[in-house]
Every structure is written in C-alpha cells, then in structure tokens.
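*Asks:* Work out the full structure: start from the sequences and follow the hints.
These are the residues of each chain, in order.
Number of protein chains: 2
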Amino acid sequence: VNIRLAAAAVPEQQQQQQHGPAVESPINQQHSRTFLTMACVQQQQRCVSIDNINPAIKTMEYAVRGPLVIRAGVIEKELEQGEKKPFKEVIRANIGDCHAMGQPPITFIRQVLGLVSYPPLFNDPNIPADAKKRARGILDGCKGGSVGSYSDSAGIEVIRRHAAEYIQRRDGGIPADWQNIILSAGASGGIKVLMALLRCPIDGKKPGVMIPIPQYPLYSATIAEFDMEQIGYYLDEANKWGLDIAELERSLKEARKTTAPRILVVINPGNPTGQVLSRSNIEDIIKFAQRERLVLFADEVYQDNVYEAGSKFHSFKKVMMEMGEPYSKMELCSFMSCSKGYMGECGIRGGYAEIVNLCPDVRTMLLKCISAQLCPTTAGQAVMECVVNPPQKGEPSYEQFEKEKKDVLESLRVRAELVASTFNSIEGFSCNPVQGAMYAFPQVRLPPKAIEAAKKDGKAADTFYAFQLLEETGICIVPGSGFGQRPGTYHFRTTILPQPEKLKEMLGLFKSFHEKFLQKYK
Amino acid sequence: VNIRLAAAAVPEQQQQQQHGPAVESPINQQHSRTFLTMACVQQQQRCVSIDNINPAIKTMEYAVRGPLVIRAGVIEKELEQGEKKPFKEVIRANIGDCHAMGQPPITFIRQVLGLVSYPPLFNDPNIPADAKKRARGILDGCKGGSVGSYSDSAGIEVIRRHAAEYIQRRDGGIPADWQNIILSAGASGGIKVLMALLRCPIDGKKPGVMIPIPQYPLYSATIAEFDMEQIGYYLDEANKWGLDIAELERSLKEARKTTAPRILVVINPGNPTGQVLSRSNIEDIIKFAQRERLVLFADEVYQDNVYEAGSKFHSFKKVMMEMGEPYSKMELCSFMSCSKGYMGECGIRGGYAEIVNLCPDVRTMLLKCISAQLCPTTAGQAVMECVVNPPQKGEPSYEQFEKEKKDVLESLRVRAELVASTFNSIEGFSCNPVQGAMYAFPQVRLPPKAIEAAKKDGKAADTFYAFQLLEETGICIVPGSGFGQRPGTYHFRTTILPQPEKLKEMLGLFKSFHEKFLQKYK
Numbered sequence: 001v002n003i004r005l006a007a008a009a010v011p012e013q014q015q016q017q018q019h020g021p022a023v024e025s026p027i028n029q030q031h032s033r034t035f036l037t038m039a040c041v042q043q044q045q046r047c048v049s050i051d052n053i054n055p056a057i058k059t060m061e062y063a064v065r066g067p068l069v070i071r072a073g074v075i076e077k078e079l080e081q082g083e084k085k086p087f088k089e090v091i092r093a094n095i096g097d098c099h100a101m102g103q104p105p106i107t108f109i110r111q112v113l114g115l116v117s118y119p120p121l122f123n124d125p126n127i128p129a130d131a132k133k134r135a136r137g138i139l140d141g142c143k144g145g146s147v148g149s150y151s152d153s154a155g156i157e158v159i160r161r162h163a164a165e166y167i168q169r170r171d172g173g174i175p176a177d178w179q180n181i182i183l184s185a186g187a188s189g190g191i192k193v194l195m196a197l198l199r200c201p202i203d204g205k206k207p208g209v210m211i212p213i214p215q216y217p218l219y220s221a222t223i224a225e226f227d228m229e230q231i232g233y234y235l236d237e238a239n240k241w242g243l244d245i246a247e248l249e250r251s252l253k254e255a256r257k258t259t260a261p262r263i264l265v266v267i268n269p270g271n272p273t274g275q276v277l278s279r280s281n282i283e284d285i286i287k288f289a290q291r292e293r294l295v296l297f298a299d300e301v302y303q304d305n306v307y308e309a310g311s312k313f314h315s316f317k318k319v320m321m322e323m324g325e326p327y328s329k330m331e332l333c334s335f336m337s338c339s340k341g342y343m344g345e346c347g348i349r350g351g352y353a354e355i356v357n358l359c360p361d362v363r364t365m366l367l368k369c370i371s372a373q374l375c376p377t378t379a380g381q382a383v384m385e386c387v388v389n390p391p392q393k394g395e396p397s398y399e400q401f402e403k404e405k406k407d408v409l410e411s412l413r414v415r416a417e418l419v420a421s422t423f424n425s426i427e428g429f430s431c432n433p434v435q436g437a438m439y440a441f442p443q444v445r446l447p448p449k450a451i452e453a454a455k456k457d458g459k460a461a462d463t464f465y466a467f468q469l470l471e472e473t474g475i476c477i478v479p480g481s482g483f484g485q486r487p488g489t490y491h492f493r494t495t496i497l498p499q500p501e502k503l504k505e506m507l508g509l510f511k512s513f514h515e516k517f518l519q520k521y522k
Numbered sequence: 001v002n003i004r005l006a007a008a009a010v011p012e013q014q015q016q017q018q019h020g021p022a023v024e025s026p027i028n029q030q031h032s033r034t035f036l037t038m039a040c041v042q043q044q045q046r047c048v049s050i051d052n053i054n055p056a057i058k059t060m061e062y063a064v065r066g067p068l069v070i071r072a073g074v075i076e077k078e079l080e081q082g083e084k085k086p087f088k089e090v091i092r093a094n095i096g097d098c099h100a101m102g103q104p105p106i107t108f109i110r111q112v113l114g115l116v117s118y119p120p121l122f123n124d125p126n127i128p129a130d131a132k133k134r135a136r137g138i139l140d141g142c143k144g145g146s147v148g149s150y151s152d153s154a155g156i157e158v159i160r161r162h163a164a165e166y167i168q169r170r171d172g173g174i175p176a177d178w179q180n181i182i183l184s185a186g187a188s189g190g191i192k193v194l195m196a197l198l199r200c201p202i203d204g205k206k207p208g209v210m211i212p213i214p215q216y217p218l219y220s221a222t223i224a225e226f227d228m229e230q231i232g233y234y235l236d237e238a239n240k241w242g243l244d245i246a247e248l249e250r251s252l253k254e255a256r257k258t259t260a261p262r263i264l265v266v267i268n269p270g271n272p273t274g275q276v277l278s279r280s281n282i283e284d285i286i287k288f289a290q291r292e293r294l295v296l297f298a299d300e301v302y303q304d305n306v307y308e309a310g311s312k313f314h315s316f317k318k319v320m321m322e323m324g325e326p327y328s329k330m331e332l333c334s335f336m337s338c339s340k341g342y343m344g345e346c347g348i349r350g351g352y353a354e355i356v357n358l359c360p361d362v363r364t365m366l367l368k369c370i371s372a373q374l375c376p377t378t379a380g381q382a383v384m385e386c387v388v389n390p391p392q393k394g395e396p397s398y399e400q401f402e403k404e405k406k407d408v409l410e411s412l413r414v415r416a417e418l419v420a421s422t423f424n425s426i427e428g429f430s431c432n433p434v435q436g437a438m439y440a441f442p443q444v445r446l447p448p449k450a451i452e453a454a455k456k457d458g459k460a461a462d463t464f465y466a467f468q469l470l471e472e473t474g475i476c477i478v479p480g481s482g483f484g485q486r487p488g489t490y491h492f493r494t495t496i497l498p499q500p501e502k503l504k505e506m507l508g509l510f511k512s513f514h515e516k517f518l519q520k521y522k
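Residue numbers (full-length UniProt numbering), protein chains in the order written: chain P, 1 to 522; chain B, 1 to 522.
Hints listed in this document are in silico derivations from the structure and should not be mistaken for laboratory results. A portion of the hints provided could be inaccurate.
Copies of the same chain look alike in the list, so a pair counts if it fits in one copy or across any two.
Claimed, not checked - SDA-like mimics (lysine to any residue), calculated; alpha carbons at most 25 Å apart, straight line:
| # | residue 1 | residue 2 |
| --- | --- | --- |
| 1 | 206 | 193 |
| 2 | 502 | 443 |
| 3 | 88 | 139 |
| 4 | 133 | 104 |
| 5 | 84 | 140 |
| 6 | 192 | 226 |
Every value quoted in this text rests on a predicted model; they were computed, and no experiment measured them.
*Replies:* Here you go:
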C-alpha cells in the first residue's frame, strides 16, 4: 500500500472521546497535531478517528511487515518508474517467503492443487496416478465433490485423519487422534484461535502469555490485539539461543505479581533465532510448564528445516509422552504450516493445530468458536494433504518428490552455513549457527556515534541502521527491535532465502555497507 | 466433529477460578455437574477447564453450524453405517453452500484457478486465451510469479485495482479507489477486522453494533466474541422484511441508555430474510445513519442474487454518493464475497471490503492490523479476480461465462418462487417473497401443545420442530431462534439451493411432515 499517498490525504477530526496508548510508529509520526487540528476544521462528518479506534490495534506492531517493509515497497515503485538508486532491485530478506525469492513449488503439490481446482486435469495423462489419487481423496471428502463447498470448520475429515497419521509416523508411533487436528489458514489461524480461547482473566488478573525474546511478532501482535499480557523470557544468546530455565523462572515470578500466566510459547526450530532445541532442553521446559501449570504452545512450523549436523527436531508431543505421567497428561497445542519446510506455500494459507489433552468440554467450545469462521480455505487444506500424505515408495511421484524436497533443504542448509559464517567474518558481527528454520539473527555492535545519530533521528539504533542499509543497498531486513532483544544490544533478522548467487551478492553488499557505516560513524 | 464421542469422554476438573456466563446450549447440557465433579477427582492435571476459558466464546452461538447441524452430521454417519432411517439422505438446507448442493462451478473461474495453481496448464490448447490472460495477470502480480508467495496483506494490487473498476462499473461510474479495497477470506474476514477496528469504548460505554433481527449469525457471534454490545432492530415482516426507520430509532434510543452505538449493519439482499431494499428505503437508512453518526456496514454479498421482477440491487455507496453532501462523505464499509452470487465458491474463501471515506490515519491502522494476518489466501484472490474482471464481449469465454451465470441465477429465481409459494400453500405457514439472496424465512404457527412439549424438552419451540423434521425427514434447516425473531413468533431459514428435483422432493417431505406434526400436537 502506498503509505505516502495515505499520509498526504487529509486526516481526521479529533473527537477526543477516548485516548488509547500513544502510537509511536514512524507511520504515525508523519502526522503532526497541527495538521490534524486543521483537518478537524475542514471535516466534521467522520465518526471514526484515530482517537476512537481499538487501542489494542494502535498498540500492536508487526515488524515483519512494518515501516521498513512499506518503504521497501515504495522504493520498488520508484525503481519501476525509473528513479536512480545505488542498486537495481530490492532484496526482500525481511520475510520467510520462499517462492517470492525464487524457490520453485514442489511439482506434486501443484499437481494435486491443480487437479482439485480444475478437475478436467484428471484426463491429462501427464499427471501421475498418485497425484490423481490424492486429489480424488480430497474431492471425495468435499461436499458435492467440489473444493468450492464449505468444509467442516476443523477441515476435511480425511485430511485431518492423514495429519494424525503423519504425526504418529513422525513421533515413532505415539498415537495422534484425528479429532484433535484442526486445519487452519497457516499456523497463524490456529495460534490466534487458541490464544482467543484462553483469553480469560483469572482472579481479576489479565491472562499472560510467555514468549521468547526475540520472538516472532505474530505473538506480540496477537497478545496486543487480544489485550493479554506479554511475558517475555530472554533466549540465551551465549548458548545458541537455548532456553534457560532460570530465566523462565525469573520472568514468570516477576509476571505473577500482576498477571495470570497461562501459556508458554516455544518456537522450535527458532524464529528469528534459528536454534534447534536439544531433547534435554525440551524436557526441562516441559517440567517447568508442568510445575507452573502452563499450557504449552509449541510453534513447530520449521520441523522440516533442520540443517546443522548433530541437530535433530524433537516434537514436544513425543518428548512429553515419552516422559510419562504427569507430563504425558499435559495440555499442548502444536502448530504446523504449509508456508515453511520445503514446500514454502505461504500464499495458499494452509496449516494445522494439534491439540493434546484438552478437556473435551473445552474442545467443544473451540470447535464452536471456529465454526463462526466457516472453514479454512480448501486450497490450503489440499496443500496440507500433500504434506501429511506425500508420495510413498513405489508410487510414481515418489522419486521426484523426494528429490525436489531434498534439493530445497540441502540448498537451504548450504545457505544457512554461508550466512552465519559470512556474518561472523564481518567486523562487529557475531552470529549463532543457523541450526534450523530460515533466518539468521546476528548481533551487531554499533558505534556510539551511530547510536547518537539514531537518537537524533528519533529511531532505534538498529532501525536507523536497517533504513540506511535499505536506502543504500536495497537490502530489506528487520531490525532486532521488531522481535525484542536485551537492552543495549542490536540485532537484525535476515532470511537465508535469496537463491545462492543472489545471497552471495547480498552478503557482499552487506559487508561493504557495514564497512562504510563504521567509517561514517567512527 | 463427532460430539457424541466428545461428550462420552471424561470431562474436566472445575477450577472455579472465574465464572463466565452460564452456557445453555444443548451441547453443554449433556454434562451434568455430578459427572464433572467425578471427573475432578480423576484428573487433577489440567490447566484449562470450561470455567476458565474466554467467556465470550462460551456465550457466542453460531446457529448455522449449531447443534442441529452437528446432529445432521451424526445422522449422515449413521446412514453410512447402514442404520435404518425413514429417509435415505440428509438434505442440508441449513447453509448457503451452493456446490455442496450440486451447483457446478463456473468453468472460467476454475480454468483461472487451475492455471495459477498449476502453470503447466498454460500449455493446454483447450484453455481459452482470456482465462490464460487473467491467470497471467494474477501471477505477474505475485512475488516470484507464484501464488505460493505472500501477497500484500490487503491483497494483490492488480486484483484490488480490478475490484475498484468493477465497483465503478456497477455504480454507473461513481469513482472507486483501489486503495480502499481490502481483499479478505470471504466477506467474514473483512467484517471481523473492521468490527475489531471499531471496538473501542466511548465515554466508558461498550461500543454497540446495530444488527437486523433476524440477522446472519456471523454478526451476533462476532459481537459476542469481541465483547461488543448487540443492538437488535426488528425487520418489518409485514412489509417484506424492509427496514422501518421508527424501529431503528426506537432500538437506538433504548441502546443509548447503556451503550455507545457505532455501527449500523444492513444486509441487502437480506440473509436470512431474502428482501431486496428499495432505493427510498436505502435513502432513509442513510439519512438515519448520518443523523445518528453511525458507520454503515453494508453486507452486499448477495448483490448478484436478485430474482423478483421489479426488484433491483442498489449499492449503499451509489445511493450515498448520489445523495450528495453530507451523505456522500459518510463512512461506509461494503462487503462482497466469492461464496455467493452465481459462483458459490464458498470453500476457496475469497472476498473484499470497500472502505469509503475512512480517515487515512484509521486506514493506516487497519492495514497495520491486517498485516499480522499475513495475507488472504491467493486462491480466494484469484477467484475474486474472475468475479471483478470477468470475460468481456469479444473474448473467447464470454458467451459460455454469461450462459453459465445466467443459468445459475435463472434456476435460483425459479426455486425462490417455488419455495415461497409452496410454503404459502401449507397450513399455518406464511412466507414473504424471496426477492433475493438464497434463503426463505417463513413464519410457522405452532400449536400450543407443541410449544408445551418443546418446553418440557428444554428446547425453543422452533428448535424442537426442526429436530423432529431432521429426525423424520433428513431435512436440516435452521430454527429462527438462531437468527432472532419477535418473541412468540416462530420461523426457520431454509436455503433455496437444493437442485430443482431435490427441492421439490424436499418441499413435499416438508409438507407431509408438517401435516403429521399438526395432527400429533392437535
């Protein structure tokens, strides 16, 4: 969206009926009070002004699509219109958007999606039988045999069943119940509805959600939108971004003074931090959550994205079940998505939540709640079917599917190493290994003069840095302040998704930008 | 979902920490307190119980997918398993789900959806050039040329532009700005986010939303979920379900004592009531909203579904703009969907909201808010592109597209007439003409003995009636209490969507059921 145009238009009268928290985002700083007051005189008709909208929406921030990204979009338009810049294109390293960065879709997935969308394709002899079989199974599960009909709100039954079987295979046979699977629009859809469900004051205290710092801003944005309490716990940067139980305890103890903590969010593999948690770390987290009566939210959307030799993905469910009682009876919500992994089908919006040990009464309420959303898109459900029910050995698509999957993951592995090692070779940078997921989150030491200049500019120092990087190189990253970081430290998140040649170019540009930046603020 | 299984499982300990409003839905009545207390002894581990979840979720009801529909699903399973019933199949007349009831998809739409999902189809010489052109336009608007990449949160720019052009054509040239178009997952996605935006207490009073009674339960469910205040105004059944300004005034005046009314929802053509508002009625509504400083929410998802001779769809925007100032400066949100009309692509989830005269500051906040939802599914966006940019005269698909569209709408017109006239021929029924949309909402006079029997059974009398209808005929309708009705009157909503032969059969079954019902409770 062209924010410049929006800002140039005449803003709103101020009704002064109710004041939400002040908004400090760069977007809002574009309007001065004087300008607003002038507008009041001009326009008396409007009922809705910045002063009487949902204060939670004013507070929330979503850095992955924040002002930097908006500016990147404007720059792209300017380049299109022939404006001269020191670069030819914007490199969007701000968001885990695989296909946007040139990753090709998995053939099998698109064959199935094509078949269910356009059934005459069943007559195409070039489309393999297993793709047709999957598509037939999906259509048989749709009312009227069409993906154009509403599915059950929790998704098409056969896909929920396959998702449960997938989880059971993944977890070495530990049972999964298809009735605990709720298909959703990406993982976000599931996370939001489960957070909404647990949004209930306890003894007059706001319900609190423990989230890692740094975290994926979906959590902070949703907590703000739902007026819940954000309880940050710092990840241990010195220990490959692992979870330190003492820090969890500190954070919880402090929060308990004013809020009622209910949920512990763990992102594994980590976003933006790229760590893959060890089994013993997971066990400690589970013990902590059990002791403290917290519902575990395991954000496991990167479960296929594990690169470092020696790292292995352990699902919270498997570990919890293997630990036996009382842990195996704990409430757990695990989230999965079609947007990540090797498939990277972000735009289609597919995902699921597995809800474990939830009271049947509560599950009934959850199902009632999602029924008002009608259903997640059947297109996303179809993609999810391919993920949970991929071609099997002996089926015609098996080899190509496995090859395409391995190629994507292997290339990501190489890029993960390249990004971390390049950053570690730049003066002032330190970067943990990218064990998994799709991001590096290096720390950068900024010179005091740069910090001072940022302050004068009214920006956080990392945001100041990121804006200069964008304007001078076209590289769009997200400053660490969008995810949270220990005060006085500066980080940013970059994806590892640019294709190998582009990534090398990007890292080169980055390095020389940084050198110039250091010179400038020496 | 199999609620029977859920109810049979062991329920939850009662933490008694916080009590939401009592839940009286039939689902919850299945658990007695005694049973719950026993369960408490068995299970001490759970953190989440029915007593400490979001009370708004407990309160909300969504009748279109409520207990009757759940029971219908169970009956379908029982039939599959060979259980004997007085009927062979469930007729799902509860939900406007066109394809589920046998309506075929529009060829052009599915060709475009197939192409963007599975680009090798571009090589298929059987697919016409205009479908390929639309698909190419969509893919060119996607980052990396793939519908697998995230779009802007407000949707793919080229589709937003085409939606604005479509609105401008529809409204006889009145300008529409593409930056005011927000693509969404069905209309629901847009309605929910705009209600969320306006959720702000005013002078310490809860924000109120005026909705018609009867209404589409998305509104009541969302109002409950957002803890806003529902302000019902009765539609005028004696006057073809029109809006009576005196009733709007009465309702508003009463609500103002305790709440701060902000939004006026009007559904046109009506759901569940099927009316098409006259231009003069719309003008009066606009004057009322302007006088009372309400934001208009025009739910216009049935804009293509107008059947009655003499009825015509007038968009609120067109009327408002033609009325000139101050009306042409009013804030209006209009909602559209791919799920209805002639396309009926419910499962894909496409829709848009046009936001008119919204303060730029507020629009900026809206865009920030939707950014945390990433993007509406690109599949739904692609379907919307076909709706707003259909084949033009001279393009190869034009004739087939127009024929398919006309056939669907003409058949719906015939069914609309058939349903209303059949109900009017049954003793005790009266049904307004189905001027538009996809539903009839007849009133039925129930015998006092039936009302008494329902009371004993703990059900509303219309629900009691609907359950018997379901068990004896397999017809699934939604009782009027799910939409709201004047106390002491009984209605139900049925879709007009069963295919013509099936619909005739259904109406015959209905008639003979009703006669037996009257005999039984004479």
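*Asks:* Hint by hint, note whether the structure agrees.
*Replies:* For each hint, the structure was consulted:
no.: 1; hint: 206 x 193; verdict: both (18 Å within a copy, 23 Å between copies)
no.: 2; hint: 502 x 443; verdict: within (22 Å within a copy, 67 Å between copies)
no.: 3; hint: 88 x 139; verdict: between (45 Å within a copy, 22 Å between copies)
no.: 4; hint: 133 x 104; verdict: both (23 Å within a copy, 22 Å between copies)
no.: 5; hint: 84 x 140; verdict: between (55 Å within a copy, 24 Å between copies)
no.: 6; hint: 192 x 226; verdict: both (9 Å within a copy, 14 Å between copies)
Checked against the numbered hints above, the structure violates none of them.
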